[in-house]
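Letter by letter, the sequence shown follows residues -32 to -1, 1 to 325 of mature numbering (1 follows the signal peptide of the UniProt record, and there is no 0).
Keep in mind that the hints were calculated from the coordinates and are not lab data.
Where hints are given, some of them may not hold.
[As the list claims (entries may be wrong)] List of simulated lysine to any residue pairs, SDA-like, C-alpha gap at most 20 Å:
1) Lys180 - Thr195
2) Lys48 - Gly77
3) Lys244 - Ile184
4) Lys244 - Asn213
5) Lys48 - Ser11
6) Lys244 - Tyr314
7) Lys48 - Tyr76
8) Lys109 - Leu54
9) Lys48 - Thr59
10) Lys147 - Asn125
11) Lys48 - Thr58
12) Lys244 - Asp186
13) Lys40 - Gly29
14) Lys150 - Val163
15) Lys71 - Lys40
16) Lys67 - Ser53
17) Lys233 - Gly206
18) Lys189 - Gly206
19) Lys150 - Ser11
20) Lys283 - Asp262
21) Lys71 - Ala85
22) Lys40 - Pro98
23) Lys116 - Tyr76
24) Lys109 - Val137
25) Lys67 - Leu54
26) Lys283 - Asn265
27) Lys109 - Trp74
28) Lys208 - Glu230
29) Lys233 - Phe322
30) Lys189 - Pro98
31) Lys189 - Val137
32) Lys152 - Thr128
33) Lys40 - Thr59
34) Lys208 - Lys189
35) Lys189 - Glu120
36) Lys150 - Gly94
37) Lys116 - Gly94
38) Lys152 - Pro101
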Amino acid sequence: MKKTARKSFLSALSLSLAAGAVVVAAPTSADAATTSFSDVAPSLDHHDAIMNLAARGILQGFEDGRFMPDMKLTRAHASKILAMSLGLDTTNVKDPGFKDLNKNQWYYGYVAALASAGYIDGFEDGTFRPNAPMTRAQTSKILDMAYKLPLEARTENPFTDVSSSAWYVDHIRTLVENKVTKGKTATTFEPNANVTRAQMASFVVRAENFEKVANIVDETKAKIRATVLEEGTVEKDGVKVAEANYDTATDTLTMTAYNLDEGVKALQGTGLFSDKLPELGVSSIRIGDGQLIDVVNNRAEAKQHIMDTMAELLKTPADTSKGDMVADDIKVTLFGHSESIEFWEYFNVNLHVFAGE
């Protein structure tokens, strides 16, 4: 009876998980059809980013119709671009106290807003140096902090000219991880070089896109979590055959099948085994400390892998009050991805199965 129960349960489990994924779409750029610059050709690497920000009034060209993409960007102009991109209040601002900054300067509000938010600093002598060029290292710090980009410990520094002890190394690693920068080359970043107007446009648009995608991902993860942790009872002819209970104190979902036939079938459409998960972007799964299982590219292999993994976890307990087969405290990770970002969500799960009559 126990072997039959195990086989039936594993079969039901694998059918609900070995499914395809719907990828979260990345946001599109703003329409810049009404803006043009004589020196920004469509073939320019930074063309789309420049036109995006120009269409939104964040970037402007010069009176002669040029944009001058290779011109060095000053700290004042960088402040304007960032403050406008972030939507900061540049009117009701606190004086940041820089010696070389006063309220009559056109960039005062932008600098003050960024300083108040903690995104930009001055120098040790108390100055801001608005007309000094912005370096790529300084830019990496501001982008990292302002757009709140995440950093995984495993992300390596690919650049030979960025020392592991440099104050900006983690900021640059963060930009690399979130695809805000590719470096000047595959192995160099040139941290002390001045950032150009064109480069800044691309940096900002990429950071914005991450922020927008991150918001989409947060919404998706919330839907996945709500689906997995949904509580309820399934009855057949007035008899309870399955249920799911979520314990908020331990953040644990317990799913129970009270018989092998209707109970296991009922689990297929609820909680962790819900058919809604692929529609929400779930693309792969890890059960316990097992290998990451790709449920998109090779479904047959994924099904077998899931069955093998669960077979190792399900045990016959000494006390069968919770089930004839029990797997408690299983760490389950669901993975998804969009065009520019990967995400995952963790769950603690108990699975209890009764053989029934």
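Now for the hints, and whether the structure bears them out:
Among the hinted pairs, Lys180 with Thr195 is inconsistent with the structure: their alpha-carbon atoms are about 23 Å apart, more than 20 Å. Of the pairs offered as hints, the one joining Lys48 and Gly77 holds, with about 9 Å between alpha carbons and a cut-off of 20 Å not exceeded. In summary, the hint linking Lys244 to Ile184 is supported, as the alpha carbons are separated by about 17 Å, within the 20 Å threshold. As the CA atoms of Lys244 and Asn213 are separated by approximately 18 Å, the hinted pair is consistent with the 20 Å bound.
For a cut-off of 20 Å, the pair hint linking Lys48 to Ser11 is broken: about 26 Å separates their Cα positions. The suggested pairing of Lys244 with Tyr314 holds, with an alpha-carbon distance near 17 Å, which does not exceed 20 Å. Between Lys48 and Tyr76 the CA atoms are separated by roughly 9 Å; this keeps the pair inside 20 Å, and the hint holds. For the proposed pair Lys109 and Leu54, the alpha carbon gap of about 15 Å is at most 20 Å, so the pair holds.
For the proposed pair Lys48 and Thr59, the alpha carbon gap of about 13 Å is at most 20 Å, so the pair holds. Distance check on the hinted pair: Lys147 and Asn125 sit about 13 Å apart at the alpha-carbon level, within 20 Å; holds. A distance of roughly 9 Å separates the Cα atoms of Lys48 and Thr58; the hinted pair therefore holds under the 20 Å criterion. As the CA atoms of Lys244 and Asp186 are separated by approximately 17 Å, the hinted pair is consistent with the 20 Å bound.
A C-alpha spacing of about 14 Å is found between Lys40 and Gly29, which places the hinted pair at or below 20 Å, so the restraint holds. At most 20 Å may separate the alpha-carbon atoms for a hinted pair to count; Lys150 and Val163 meet this at roughly 14 Å. Between Lys71 and Lys40 the CA atoms are separated by roughly 25 Å; this puts the pair beyond 20 Å, and the hint is violated. Simply put, Lys67 and Ser53 have alpha-carbon atoms about 26 Å apart, too far for the 20 Å limit, and the pair is violated.
For the suggested pair Lys233 and Gly206, the alpha carbons sit about 16 Å apart, so the restraint of at most 20 Å is met. About 35 Å separates the Cα atoms of Lys189 and Gly206, which puts this hinted pair outside 20 Å; it is violated. Between Lys150 and Ser11 the CA atoms are separated by roughly 18 Å; this keeps the pair inside 20 Å, and the hint holds. A distance of roughly 25 Å separates the Cα atoms of Lys283 and Asp262; the hinted pair therefore is violated under the 20 Å criterion.
Among the hinted pairs, Lys71 with Ala85 is consistent with the structure: their alpha-carbon atoms are about 18 Å apart, no more than 20 Å. A distance of roughly 13 Å separates the Cα atoms of Lys40 and Pro98; the hinted pair therefore holds under the 20 Å criterion. In summary, the hint linking Lys116 to Tyr76 is not supported, as the alpha carbons are separated by about 24 Å, beyond the 20 Å threshold. For the proposed pair Lys109 and Val137, the alpha carbon gap of about 9 Å is at most 20 Å, so the pair holds.
Taken as a hint, the Lys67 and Leu54 pair is broken in the structure, with Cα atoms around 25 Å apart against an allowance of 20 Å. Simply put, Lys283 and Asn265 have alpha-carbon atoms about 30 Å apart, too far for the 20 Å limit, and the pair is violated. Proposed proximity of Lys109 and Trp74 is contradicted: the alpha carbons are some 24 Å apart, above 20 Å. Distance check on the hinted pair: Lys208 and Glu230 sit about 10 Å apart at the alpha-carbon level, within 20 Å; holds.
Between Lys233 and Phe322 the CA atoms are separated by roughly 13 Å; this keeps the pair inside 20 Å, and the hint holds. Between Lys189 and Pro98 the alpha-carbon distance is near 42 Å, which puts this suggested pair outside the 20 Å criterion. Simply put, Lys189 and Val137 have alpha-carbon atoms about 30 Å apart, too far for the 20 Å limit, and the pair is violated. For the suggested pair Lys152 and Thr128, the alpha carbons sit about 12 Å apart, so the restraint of at most 20 Å is met.
A hinted pair counts as satisfied when its Cα atoms are at most 20 Å apart, and Lys40 with Thr59 does not qualify at roughly 27 Å. Distance check on the hinted pair: Lys208 and Lys189 sit about 30 Å apart at the alpha-carbon level, beyond 20 Å; violated. With a CA separation close to 18 Å, the supplied pair Lys189 and Glu120 stays within the 20 Å bound. Using a Cα cut-off of 20 Å, the hinted pair Lys150 and Gly94 is violated, with the two alpha carbons roughly 33 Å apart.
For the hint pairing Lys116 with Gly94, the CA-to-CA distance comes to about 26 Å; that exceeds 20 Å, so the pair is violated. Distance hint between Lys152 and Pro101 is fulfilled; the C-alpha atoms sit about 18 Å from each other, no more than 20 Å.
Hint violations for this structure: numbers 1, 5, 15, 16, 18, 20, 23, 25, 26, 27, 30, 31, 33, 34, 36 and 37, all remaining hints satisfied.
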